[in-house]
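Engineer: Chain by chain, the residues run as shown.
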Amino acid sequence: MTPVGLPHILLLSTALFFIGMFGFFTRRNLITMLMSLELMLNSVNINFVAFNKYLYPQNLSGVFFVIFIITIAAAEAAVAIAIIINLFRSSDSIDVTDAEEMKF
Amino acid sequence: MGLELLFTLKHELLISLSIFLLLFIFVGSNHTKGATIIHIVNALLLISVFFFLFEPKQSFVFNQMFESNGLIQFQKSILSLGLLLISALSFQWLKHHKNVIEFYLLLLSSLLGMFFMISAANMLFFYLGLELATIPLAAAANFDLEKRKSGEAAMKLIYSSAFSSALLLLGISFVYGLTGSLNFTEISEKIPVNALSQFAFILVFSGFAFKMSVVPFHLWTADVYEGAPVPVTAFLSVVSKAAISFVFVQVLFKVFIHLELSYTISLAVVSICTMLLGNLFAMRQENIKRFLAFSSIAQVGYILIALMGSHEVAQSAIIYFLLVYVFSNLAAFGVIGIISNSLGKENISDYKGFYQQNKFLSWALAIALFSLAGVPPTAGFFGKFFLILAAASKGYYLLIVIAALNMIISFYYYLRIVRNIFMETSENPMPQVLVQPITKVALIVCLIGMIVLGLYGPVYEYIAAFAKPF
Amino acid sequence: MNLLLLIIIPFLTAVVILTAKDFKQSRSIALVGASIQLVLAFFLLNQYQAAKALVQTEAFVFEQSFEWFPSLGIQFLIGVDGISIAMILLTALVVVAGILVSFTMEELHKEFFFLLILLSLGAYGFFISLDIFTLFFFLEVAVIPKFLLIGIWGSGAKQKSAMKLALMLMGGSALIMVGLIGLYYFSNETGNRSFNMLVLAQYPISYAAQLVFFPFLFAGFGVFTALFPFHTWVPDGHSSAPTAASMFLAGISMKLGGYGCLRVATYLMPDAAVHYAPIIITLASIAIIYGAFATLMQTDLKYINAYSSISHCGFVILGIGMLNKTAIVGAVMQMVSHGLMTALFFAAIGMMYQRTHTRLVSQLGGLLKVMPFISSVFVIAGLCSLGLPGFSGFVSEMTVFVGAWQNPNFWYRLATILACASIVVTAVYILRAAGSSVMGPITQKNFLHLTDAQWNEKLAAIVLLSGIVIIGIAPFLLTDLLSSSTDVLVEKIINTF
Amino acid sequence: MQNTNLVLLTLASPLLAFLLLGIFGSSSNWLKKGAGIIGTLLMAVSFFFASQLSLAYFLNQTPNHTQQILFSYTWLQFGSGLSIDMGALLDATSAMMLLVVTFISLMVHVFSLGYMHNDERFASYYAYLGLFTFSMLGLVISANIFQIYMFWELVGVSSFLLIGYYFNKQSAVAAAKKAFIVTRFADLGFLIGILTLGYYGESFDFLTLIGRLSDVQSPQFAAIGVASFAGISALTWGLLLVFMGGAGKSAMFPLHIWLPDAMEGPTPVSALIHAATMVVAGVFLVARLFPIFAIAAPHTLDIIAYIGIFSALFAALIACTQTDIKRVLAYSTMSQIGFMMFALGVSGYGAENGAGFSASLFHLFTHAFFKSLLFLGAGAIIHYVHSNEMEDMGGLRKHMPITHISFLIACLAISGIPPFAGFFSKEAILHAAYQSNPAIYYMALFTSFLTAFYMFRLYFSIFWSTQKAAQDNAHGEGTWSMKIPLILLAIASVLFGFIPFSEYVSTDGKPIATHLDVLFSIAPVTLGVLGILLAKQLYQKASVKPQKIALALGSAYGFVKNKFYIDEVYQYITKKMLFAWVARPAAWIDKNIIDGFYLLLAQLTQFSSVYIKGIQSGKVQAYAMYFFAGILSLASLLFYVLK
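Chains as they are written, first to last, in my numbering: chain F, 497 to 600; chain H, 540 to 1009; chain X, 598 to 1094; chain C, 16 to 658.
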């Protein structure tokens, strides 16, 4: 049994990224879309950590980056949810297809 | 050391100070009048505008993560000026708004984020700055809480920007994987030229492209511009775009210098798309904010072709163009904001016969549009000419021809509005609109800026003096 | 003489107009400003001749240079030679006349005169520029006033015409811009980059580069001077414009293009000019003969003059395309002559329209009886247009013909013959227009109560007319002025051959 | 006084009249009233100086009449060594022309005092007359071929103004336009001819040009002979094109169609311009360049001769059928100019060979007097009966005795009856023709028979025949100002034939002795008398005979009466062909194709703008997809381009 190496992890993160992206493209619920986005960000986190661990173990910049990403993702989610709430107030819906008023 | 740190971080410190001031003194105190707050913030911003004159020298702080030099300080001043003008131009709207403090808190935070972003010498710092600049804007876009369009705009902005952040981060992670470093200088030294690095570059590029509204990453722009309140739209369109363009120049010329061929090809493709689509969409718009959104997309196309030219000319041309763009676009948004706020009219057809009652506003809007179109004697002419001159410096004449053709299309739609203002007559034209004195001053500053920046050569020379080989 | 005055005075005039209180004030300010400028133009002529007499040199005189964007090698460089002085005089005359015929403006008078003066400022700046960036700057300065003048104060389908004009002229500018940038980067590749015309002339760009960029510049300026097939803005633009704007457009603005074709395109890229000469000449001949025939079918007086302008400006292009001294002198003379003549024509048409409220040939008739002065002016303008000796049209056209005939190539000769033939067609349409509008029986009863020209209109006509007649009777005055300056141009071309 | 000053004064006085009356005539009441007097006085001054100059030239010189350049001033310098020089060339031809033009013009000025005095635009009329006289004088003294072209055009425009003098009359305007445009078309040829000759001769100056191109040794002659187009040498082209200009002004077939219509102008104008002076400019032009024609390209002279005789015959035939008296006179003018033209055509160069040349100019000289007399007489008649049609006249000899006598003299003169002036000049022409080309001679003989016939047809119809009712005119025959010119011209028509013309005017300036060959004269004189008798038979009394003959001739008569349908052919060419097939399509193409192209561009842009609007669908997920698609396509582009 081969040890888990960088390619495996990258494969995982790629899969995760595209699952997130697929979710973002197809879900209609704004909250679910937000969750899909988190998935994408997390896959990036995995990337950073993996690169740090396997390729550049001498410093921790990748890991630090991940911490910041997590923080900012939280902030982003907070603002996004506030916006969703406001949208829900005005249209009684959190379906993304109900927010297509402006186009062309 | 301490004093030097103070000078290096003077813009950031001042803005932070303003934010704290607002947070701790005014939040919750109901008896402070909106106008007072506005004047205080304006005064602080005015100081920030002139900061670039003091001690503009090269220095690094925060363990080489934060860079400052004369050019960067000048750029920061430009951004401060942008916000100052927006604040002055939307005085009427802000004065009666109950959430004026929150408005400033959001925009000042965003501005602070931009300052960090510009000064970043490290991917982490850049990312932080970028997010700090973006997230408050999503909240600000939703500032008209009761308007549904405003909510939709904010939603589109935050989702699109989160999506683009994810891709940008993926790109950064690849860059990190390839080089093991987040520092700009180190990345540029270590980055290999292979398929993966090019892919990583495209991802990072897309992140910038998103913020700059480059086709095909631009689709959020028009919707957000239309839905957001005019001052926010103005901020998005001018300050935010200028900030990211400043960084883009640095990143392309500094970090990805070894990928010059890749970025040139990418730029060639997207710049053509950007000019063409921006123009084609702008032609057809009825909502004037949406119209300006597309027109600003088309303007970005010209910046992109300049980026393909030789570095010194390109850098100074772009900064100069953005400076001019601040004045021109803000004058346009200023007039539109005044009308939107006092009459609630945002359609191009509403401007028929505008000149009958509002002479000053008409001329301000017309000159702003001329400047955007690049007609002399306005500075827009010089800005655009220099961009194209820069693009030609490496011999991309075909692109110049395409740009020139696009300028004709853009001319059509700018003149369309001028035609409505001056030539059409309307049964019931817009009544005379009261313009606040401070707003008038701001408009006059914009007009002077639009005229003088071009005719008075030393402004460009000042910028050009910063341009140096990367 | 300080050439900056030529820009400063219109600028000050424009600024002062903005402070005017009523229509009378604004028109007087404009008139005074324009008159000062006219005096200045004659003073310049005088000074120029004195300077020439003092130093026998062919270079530009009264040069002044200011750094503008030194890091890009852009200067504000001005100076004049005989050709530019001729154009400046033309501009000054047309501006004065244009203001004189605009004495009955009801609304937005300040804006009107402001834009008129701004337009003239663009033209003056253009003619004195020796730096092609400066030149391009002034060229474009003049575009927006045209757009607004037509769109706001025009008649008929004014908005459409204004749009069309502005877009086509901007298209021309866009082409010019590409050409300028090409010149900038390909000239003097090792030394400092510059837009300075004298430097560019000294270090001409390579033949291959000339072949690429010459068409851009020539076609770009060609749009301004109604080069076939870029002429379609002319009929609509001219006919929709208010009288003064028509005069400016046809009298000055179209000349910017001709001057640019000569001074920028041909002077800086002589090799390409030689290479493309057959195409230029073909287009010019088409414009001349086709413009003339298209005029035959027009029924509106302004359209007649507009189409005839296409035909007449074809002579300018033809003269330039022939690339010899006589033809080029002829081209410049034709510019001056056409400028004066067409302005006079538009002035007369404007005066008639103001009184009769129609410009259709079929509705006019017998005006010579009720307004002899205006009608005579109309007929004289027509006679000048068809090249009657004694008027400027004759000398300029003949100079072009004699120059054009110098080339014994069959196709060149054929082009010349076609151009000559156009003067017959010109006679046909001019006489048709004059025959049925000012001559013939009076068609409408109310024409009988119309009044003849006011003093200001008379003065306007006399100003233009004196220019036409002086050139027509003493063409040597003009050729002496142009001759040495043209030599400089032609020398470069001859070196090419 | 110096000759230069004399010439300048001769030209200056009519110009002064033009400027004075043209600019101030409409505003000053005083000038309006006195216009006729001022114009006439200035004309008299001009005549005085011109006659001094001419007489001095003819009488005080040695028998060899040299060509003198009185002055020359470079007026317009072209770059290539060519220039237009304004100058005065005095030789026998121009001296003679100066005299003729000023004298006839003076007569017309005087006549018009009475004829036009009720006209409201009296001042303009005299202004135009002044302009015309100035231009015509400038034309005849021109020392440069471009100078002559300029005055040529000026003459054309003053003719236009005078024909269209009654500008409220549609037909007058149409006639003026026609005259101008037809001659303008001819001038196109003239201009190209000038350019050709000037280019190869390397000068526009008459003397230089003639000297070079008629010298077989000169390099210029070699150059122009070598250059050719369509197998014809440039010299021939140049000369023929110059002749085309002359043919237009002189109403030679087929460019004659404007002349009959030009009779719409006031009758004294017709007398001046369309009889005596302007229409002979073509003859003058050929005479001016005669050495080149005769020495360098004699074959061109044949063409001129045939065109001349054909026009003469053609016009004479038409003249027999016309009923408008001015039109009859117009066709007779055309016919007589045809005589002059073919006389030049049959002439050679030098000494006796040049007899035709002298004869031609002699006829020009005499014709000027009797033809203007005819026209002025016609003017007096029209003044009296208020009509141009022969049917409205008849039996006028008692009412207008002076007119009658002078008209008769003129008719006799034109018919070539001795001892009137026309006899001598026509005799000389026929003699020259006989010696060089008998075919032309016989045709000319027949034409002179026709001339006598149609002139006396006119004469008898007007003055004899039956008296029409409406002729008891109160104002009588006319004022003295109208009668004096008639008398003077009649005297001239009688006496001037006796001038030994060829001793003064000849091809090379050397006098040719005049001689009268009585035997030779029998044929033409007999034919002339026969023509008169035939006319007397048919027209002295009102009868149906003419109609009968006309009926007998059937469609041939109609064909001639309708002027061989030449006008209709022109109408067809211009209206149907040029307008319908060139001008209309040009305007159409301009509006629809060229302008349409730009419109199409604009619409395509608009269309594509609408077409792509679906990209902006409003769906945030679709935006993200486009985003990602953008990344993928950029990436694949890079992979593809950079391997």
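You may find that some hints are simply not true.
Unchecked claim - In the EDC-like style, the derived pairs of lysine to aspartate or glutamate whose C-alpha atoms are separated by at most 20 Å in a straight line are:
1) C:K576 - C:E367
2) C:K628 - F:D588
3) H:K688 - F:E597
Claimed, not checked - Pair by pair, the computed Cβ-Cβ distance ranges are:
4) C:T19 - X:Q646: 27 to 37 Å
5) C:G629 - F:M531: 53 to 63 Å
6) H:L973 - C:S651: 55 to 65 Å
7) F:T528 - C:S648: 57 to 67 Å
8) C:V241 - X:E1088: 46 to 56 Å
9) X:E1088 - C:H314: 13 to 23 Å
10) C:D317 - X:Q960: 35 to 45 Å
Unchecked claim - Here chain H is said to cover these stretches of chain X; the calculated rule only asks that three of the stretch's residues, wherever they fall, bring their Cβ under 8 Å from a Cβ of chain H:
11) 663-676
12) 743-753
13) 1020-1027
To be clear, the hints were calculated from the coordinates, so they are not data collected in a lab. Heads up, the beta-carbon is just placed ideally off N, CA and C, and yes, glycines get one too.
Engineer: Does the beta carbon distance between L973 of chain H and S651 of chain C stay inside 55 to 65 Å, or does it fall outside?
Structural biologist: About 56 Å separates the Cβ atoms of L973 of chain H and S651 of chain C, which means 55 to 65 Å holds.
Engineer: Please count how many residues of the region 1020-1027 of chain X have a CB within 8 Å of a CB from chain H and say whether that reaches 3.
Structural biologist: violated (count 0)
Engineer: Do T528 of chain F and S648 of chain C keep their Cβ atoms within the hinted range of 57 to 67 Å?
Structural biologist: Check failed, 28 Å falls outside 57 to 67 Å.
Engineer: For the hint 46 to 56 Å, verify it against the beta carbon of V241 of chain C and that of E1088 of chain X.
Structural biologist: 30 Å, violated
Engineer: Between K576 of chain C and E367 of chain C, does the CA-CA distance stay at or below 20 Å?
Structural biologist: 41 Å, violated
Engineer: Check whether the Cα positions of K628 of chain C and D588 of chain F lie no farther apart than 20 Å.
Structural biologist: 29 Å, violated
Engineer: So if I understand the rule, the pair passes when the alpha-carbon distance is 20 Å or less; does K688 of chain H with E597 of chain F pass?
Structural biologist: 7 Å, holds
Engineer: Holds or violated: 35 to 45 Å for the Cβ distance of D317 of chain C and Q960 of chain X?
Structural biologist: 53 Å, violated
Engineer: Cut-off 8 Å, C-beta pairs, minimum 3 residues; does the coverage of the region 743-753 of chain X by chain H stand?
Structural biologist: Coverage by chain H holds here, the residue count being 4 at a Cβ distance below 8 Å.
Engineer: How does the region 663-676 of chain X fare against chain H when you require at least three residues with a CB closer than 8 Å, holds or violated?
Structural biologist: The restraint on the region 663-676 of chain X holds, since 7 of its residues have a Cβ under 8 Å from chain H and three suffice.
Engineer: A range of 27 to 37 Å was offered for this pair. Does it hold for the Cβ distance of T19 of chain C and Q646 of chain X?
Structural biologist: 29 Å, holds
Engineer: Quick one: are E1088 of chain X and H314 of chain C within 13 to 23 Å, going by C-beta?
Structural biologist: Taking Cβ atoms as reference, E1088 of chain X and H314 of chain C lie about 44 Å apart, which means the hint is violated.
Of the hints listed earlier, those the structure fails to meet are numbers 1, 2, 5, 7, 8, 9, 10, 13, in rising order.
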